[in-house]
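Protein chains in written order, with our numbering: chain A, 16 to 334; chain B, 370 to 911.
For the record, the hints were derived by calculation from the structure and aren't laboratory data. Among these hints, one or two may not hold up.
Just a few of them, taken from the derived set where beta-carbon distance is under 10 Å, the chain A residues facing chain B [claimed, not checked]: (1) Thr184; (2) Gly222; (3) His224; (4) Tyr225; (5) Glu271; (6) Phe273; (7) Met300; (8) Leu304.
Predicted, not measured: the structure shown is a model, and the values here were computed from it. In this text, a Cβ means the ideal position worked out from N, Cα and C, and glycines have one as well.
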Amino acid sequence: MTLILFIVRKLGGAAAAMLTVSFLVYLALEVNVEDVAVKVLGQFSTDAQRAAWLTANGYDDPFFIRYGRWLWSFVTGNWGDSTYYRAPVIDLVPDRLAASGILAGGALLVMVPVGLLAGILAGMRPGSLIDRAVSLLSIVTTSIPDFASAVFLSAVFVFWLNWLPGASTMLSGFSLSEMVLPVLVLAFYSTGYLARVTRASMVEVMGTHYIRTARLKGASPARIVWRHALRNALITPVTVIMLQLPWLLSGVIVVEVFYAYKGFGTLLYDAALNSDIRLVEACAMVSVLVVVATQILSDIAYGWLNPRVSLLEATMGNK
Amino acid sequence: MKDLKTNSGKPLHSSVKDLVEQVRSGAIDRRSFLRASAWLGVSVASASAFAGMKGEAFAQTETPADGGKLRFACQIQELTDPMLSSWIEASNLYRNCLEFLTYVDADNITHPYLAKSWTPSEDLKVWDFELDERAKWSNGDAFTPEDVIFNIERWIAPDSQSSNKTAFSAVEKVEKTGDHSVRITLSRGVSSLPEQLYSYTCPMVHRNFVKDGGNWPANPIGTGPFALASFEVGRQAVFNKRADYWGTPAHLDEIHYIDMGTDVTTHLAALASGQIDVIYRASIAEYDLMKSLPNIQVLKANPAHTLVMRMQVDAKPFDDIRVRKAIQLAADNKQMLDVAYRGEGVIGANVHVSPTQPDYFPLEPVARDVDKAKALLAEAGYKDGLDIELTLGNTQGKWEQDTAQVLQQNLAEAGIRLKLNVLPASQYWPVWDKVPFGLTYWAHRPLGSMTLDLAYRSGGAWNESHFASKEFDAALDKAMAVVDPAKRSEAMKEVEQILQDNAVIVQAYWPSRFCATSMKVRNYKLHPADYFRMDGIWLAQA
């Protein structure tokens, strides 16, 4: 019951967020009617053609009526046609979203085990050699932006060693070797970040009284970590992982464009570059949806890991 | 003389005699002779034998191998009506299926294609084209004079938005003169008409193109050696060899054009790792990387392509010729070449005709004179300097912006504060002809007069500077009617001089052009206009 209430409330918040974003997106892209006609019909269209198109598509109506109509079409699944791809927008988005999902999944598969393990190992014995090595490495990886690590990894693995393919178009089906570099670049930054957060959290937990008690009781280090420390130490890292999800899906434009990976990021990039209004609108809305959905999931996971956080309180406000 | 033959079997045009005398006396080189005589319908084989070239340009040392799949990295852009395309990359896709009346090779020599011969009248105003009776559309229809008439009339129709409208503005009439023959009547003599028919916006589409929806990828009927199998904007386009092609069959079985985005480094990475075989273009920024890669061949050429920083002569403050002249005088063309393109090219003289074009007249470049520029600005009322904005889109790469930044420094010395408005490439094309001061990339044209005709003739669809001068138009008409290469270059002197005197453009340099292929790609030549015909390409067997 609590969970349902929580979800209902969160969904309400998500709907409000999406409504706000939809209005801003529509305002930014469609307030200038003349521009819309040029973008849809192309630069070679004549003024008469543009005027006719605007009238035929209801652009003579006031802005709010157009916005309402657009919103309704969007909600009912009529996302319009892409002017650049010459295809219905709704046909383009799912495939690309799935492709980015695969990339993000790959990155998570590397980032979560490696980041957590490195963080836990480092946090178990602060000041040890492992701790120093992990801290140094994670500072290095989090300091290098993805566009730089993409160039660096390509230089090493493609141009120098010739081990991996340089582009990840996946045009002839799924290819594991094409996945390696984009996944590595994405994981490069996030893994270091996750390791640092986990380490800090672990150090904090390892210093608590109940861990000291367990130690005095004579429990083995493995048992201490596994049974007592881990669950509490994981609360912050899980939040970090959940926060990475929307970034992995919509913030990977740089990596996707660099490796010519045909995912959601390149779709949004091409749409923006080619002033493909309907597609930009849809991509923006989908991005917001991904962000709010992962936030809800993150809250649920947080509640599960830390029973002291009551979903009911989170739902009704902590008063 | 008697060894020279026309493709049509008709007598030689009287100008051929002059050409023969000139090549004998050394006034023109053998290639110029070949080019000019080909315009007049002389067979290239007979002309090259006559000039003692023995077809060297076409000699092959390796036996072509059939079969295989070639992968070509280039942008897959939106494409609907070929005559309206403004991207040469897009034209290379339909070039596999759609053919042209003539074919201009990488050496700028015109050959028969869908038209097997042509015969100009003495005054070069009436041109009789004989079509190849074997030519067939992929839907089984024969290629007929009706197809030619449909295409040319559509290019020049009053409501046509095609750049062909300007390029073929001299066309008065296109008529059928036989089952396989067409006559094109011009209002003024144009000697290079056959060459112009290979412009990338001039492929022959089926006579029912408009009736069938006017969308080529949706209904990809063509006469060419390949058939379009799939076309996905932003992803890939696939072409398969046609077994029922009317002409000489292609070597390759399949061509896959793959969109790898705009970053050439990615294209090179894909080439280095064997994912693709050809990259469409690389710029100076990638030159060193390209040269360092093993197992790829780097191709380099000097086509007549360039950056033009043009000022709209009817927009403030450029409507004052003193301002335009001051900008030209303050610009350091050599520095732009040296800094922005590392000296890999040739300095321009602000006339938009390249030394590699046969009709080029070597005009004195505008000498840099900052003091004079300042004086002119003061005279024009800008004693305290001038604020202007240059719009550009890096459509060919970052070197466009690098060039503009050098200009910015140059102009600052004369008190001109130049602001750069850098747009994404795709957002530059919608405004390229609208901004008062813009930096536009102009692709190669075989002749300087062709570029000038498109870009500077009064009222032309692609006249982005809005330059309008009756003297210029008349001088250009005169030059375009001359067949004789030496005389044509002489006639271009006046054309170039008018353009330079009017200070319409800063055209700093002619950059070299680079691209690369894997070692197994054979017979791939860097066409100066980037027109890549793929039926002669093959892959060496491993």
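Interface hint status, Gly222 of chain A versus chain B (Cβ within 10 Å)
47 Å, violated
For the restraint on Met300 of chain A, tell me whether the closest CB of chain B is nearer than 10 Å.
Hint violated; Met300 of chain A Cβ to chain B Cβ min 20 Å, cut 10 Å.
Per-residue hint verdict: Leu304 of chain A, partner chain B, C-beta under 10 Å:
At about 23 Å, which exceeds the 10 Å cut-off, the nearest Cβ of chain B leaves the hint on Leu304 of chain A violated.
Can the hint on His224 of chain A be confirmed by a CB-to-CB distance to chain B that is less than 10 Å?
55 Å, violated
Could you check if Tyr225 of chain A really has its C-beta closer than 10 Å to a C-beta on chain B?
This interface hint is violated because 52 Å lies over the 10 Å limit.
Is the shortest C-beta separation between Glu271 of chain A and chain B less than 10 Å?
Holds. Min distance 9 Å.
Satisfaction of the Thr184 of chain A interface hint, Cβ to chain B closer than 10 Å:
6 Å, holds
Given Phe273 of chain A as an interface hint, is its Cβ closer than 10 Å to any Cβ of chain B?
Constraint on Phe273 of chain A satisfied, holds at 6 Å.
Violated hints for the displayed structure, listed by number in ascending order: 2, 3, 4, 7 and 8.
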